[in-house]
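A.B. asks: These are the residues of each chain, in order.
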Amino acid sequence: MSDITPADLPRQKGTLDHILYVLRANPVTLIAFGMFAFLILSALFGPALVPYDPLATNAGNALQPPSWAHWFGTDQIGRDVFSRVIVATRLDLTISVAAVAISFVVGSVLGCIAGYWGGWPDIILNRFLDTIMAFPLFVLAMGIVAALGNSVENIIYATAIINMPFYARLVRAEVNIRRDAGFVRAAKLAGSSDMRVLATQIFPNALPPMMVQVSLNLGWAILNAAGLSFIGLGVSPPTAEWGIMVAEGANFIVSGEWWLAVFPGLWLMFAVFTFNLLGDGLRDIVDPRKRT
Amino acid sequence: MLAASPRLRAILLRVAQAIPVVMGVVVISFVLTRALPGDPAVYFAGVAADEASIEQTRVAMGLDKPLPVQFAHYVADLLQGDLGQSLSSGRPVATDLANRLPASLELTLTALIIAVVIAVPLGVLAATRPGTWVDHLCRIVVTAGVSLPTFFTGILLIYIFYYILGIAPSPLGRLDFIYLDPDHVTGFYLIDAALMGDWETWWGAAKQLILPAATLALFTLAPIARMTRAAMLTALSSDFVRTARAAGLSNRTVLYGYAFRNALLPVVTTLGMVFSFALGANVLVEKVFAWPGIGSYAVEALVVSDYAAVQGFVLAMALLFVALNLVIDLLYTAIDPRIGFDAK
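Chains as they are written, first to last, in the working numbering: chain A, 161 to 452; chain B, 387 to 730.
Take these hints with a grain of salt, some might be off.
[Unchecked claim] Here are some chain B residues pointing at chain A (derived, C-beta under 8 Å):
no. : residue
1   : PRO406
2   : VAL411
3   : THR529
4   : PHE646
5   : ASN648
6   : LEU650
7   : MET703
[As the list claims (entries may be wrong)] These stretches of chain A come out as covered by chain B in the derived footprint (C-beta under 8 Å, 3 or more residues):
no. : segment
8   : 267-274
9   : 281-291
10  : 330-336
11  : 391-405
12  : 428-442
Worth flagging that the hints you see were computed from the coordinates, not collected in a lab. If you're wondering where the values come from, they're calculated on a predicted model, not measured in any experiment. For every residue, glycine included, the Cβ atom is placed at its ideal position computed from N, Cα and C.
Just chain A, with the same shape it has in the complex (with noise of 0.2 Å):
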């Protein structure tokens, strides 16, 4: 491997510079990349800094506006809005990490398989995942989750299920148009078993339209699963999530008490504003000529 090594320095330096130089020219994704920093500390470390402790009740001091003492003010049975919203964060996005690493890993396999081999699996996988976006896939997500029981778990399968056709059909195309491929002959000439050229030699070059998707389904699956727990699935109600504070909020609008509501929102579209932000600037990285 050591002889290659001279070789690929130039190119990633190139590779580096070019990231350099698409963040230099789209200070958007720079500032997304902050974003994300920020969601990924307030996960990380926001339930050991909070100013109170998201479960506990003040009964004398419910439904207070927004004030220095408490930031996004608090709710029916005297909660920190702000602390919960906070905390929230970790329970959301280990949510959507998990459902898109499900479907990441499930969506590769099962994409390599149609890919390589073709045949009747892929003929089978490919009926299979016709029929799942056949359904409008908020809808079979309810179902699912409906079906296999309510709990958090159950959540993040039905999210990774209806996730995981995008994966797959992209990975599947992307091994299809390598399989014959000049350096894919060359390796299974030099003796490398199938899966060995399947894994070192056509897998990786999905890799980066993958991430692009990846970053652009986390926000899709953070709103998903914020939806399921609105609905009343999933997460139950002393536990602190975005979905189901929303919901609990949307109770007092109509009495003008707004900040309940408003502020898991806000943070809900934040994260899902960060992962699209993010998304469209790897693809900038990853794909110029997708640019928009």
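Following the hints, position chain B against chain A.
C.D. replies: The following block gives chain B in isolation, referenced to the frame of chain A:
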């Protein structure tokens, strides 16, 4: 007849393609209802069931028979339009869904019409005037639109237009209780009220409809505007537009007769995806506005573990979506200038 044949063949082929998808949808729906880990009899008997009623449900639904036999029964029931019995309402699920479907369709279709009427001109203007404020507006709308959680937009609109400005009616259902429901003809209140000539009720129904429809429209606007803009840009930079311009055709003819007609094709295809999102978002919007459609029916059923109703809803939505996609693709065949071009 000869001129129509490629179009006819395309239509028949497309209809034939829908058949395996429908079969797949039925199989998945069966798997979701029957073949999951856990006891489906417990699941269909509801939360309050005891041993005897669970056993009764098992025999009544044929759940003591092997899976292939159960599947045959399931398909036979479906063919008769039987989706099972709702535990909460006590009526057949199919009847409940049929009663509530017009409310959902009225909401979704109004939202889609609003979205198309705003998004398509916005996309065309953005594509023809790149770099101007229209283009920037289009980009902002598109980016914000895909990041907005529908249920949150709905709540914000209620807060602004009902609580602060006081111009919207209270967000509860399709018609304020001071009006009488219009006679049932189509189930669409706007159409029924207009047929009766009862414009007061029509206005009452329109006022209830506008906020939820706007919520849904904001959400569906983004993909349509994005696709229109991209498709128009592609069409405007293509050779046939350059040729048309070189031939001295007026700007208007080039823009609408050539570029727009071709740009419409990808936009119509996007409508299929938009429908998928809209039908899902519909559930959330109906919950926010207490809209008595099939989405809020499913949410109420979920809360009381009325699974026959939930699964009936999922299957009905999937079939509706397959049918909508079929219509969209047929529409595509109808407007595609490359098919049967000589016949004109």
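A.B. asks: Run every hint past the structure and note whether it holds.
C.D. replies: Going down the list of hints, with the structure as the test:
1. PRO406: holds, 7 Å
2. VAL411: Status holds, d = 5 Å.
3. THR529: holds, 7 Å
4. PHE646: violated, 19 Å
5. ASN648: Violated - the Cβ of ASN648/B stays beyond 8 Å from chain A, reaching only about 19 Å at its closest.
6. LEU650: This interface hint is violated because 19 Å lies over the 8 Å limit.
7. MET703: Result: holds, 5 Å to nearest chain A Cβ.
8. 267-274: Violated: only 0 residues of the segment 267-274 of chain A have a Cβ under 8 Å from chain B.
9. 281-291: Contact hint for the segment 281-291 of chain A vs chain B: holds, 4 residues under 8 Å.
10. 330-336: violated (count 0)
11. 391-405: holds (count 4)
12. 428-442: holds (count 6)
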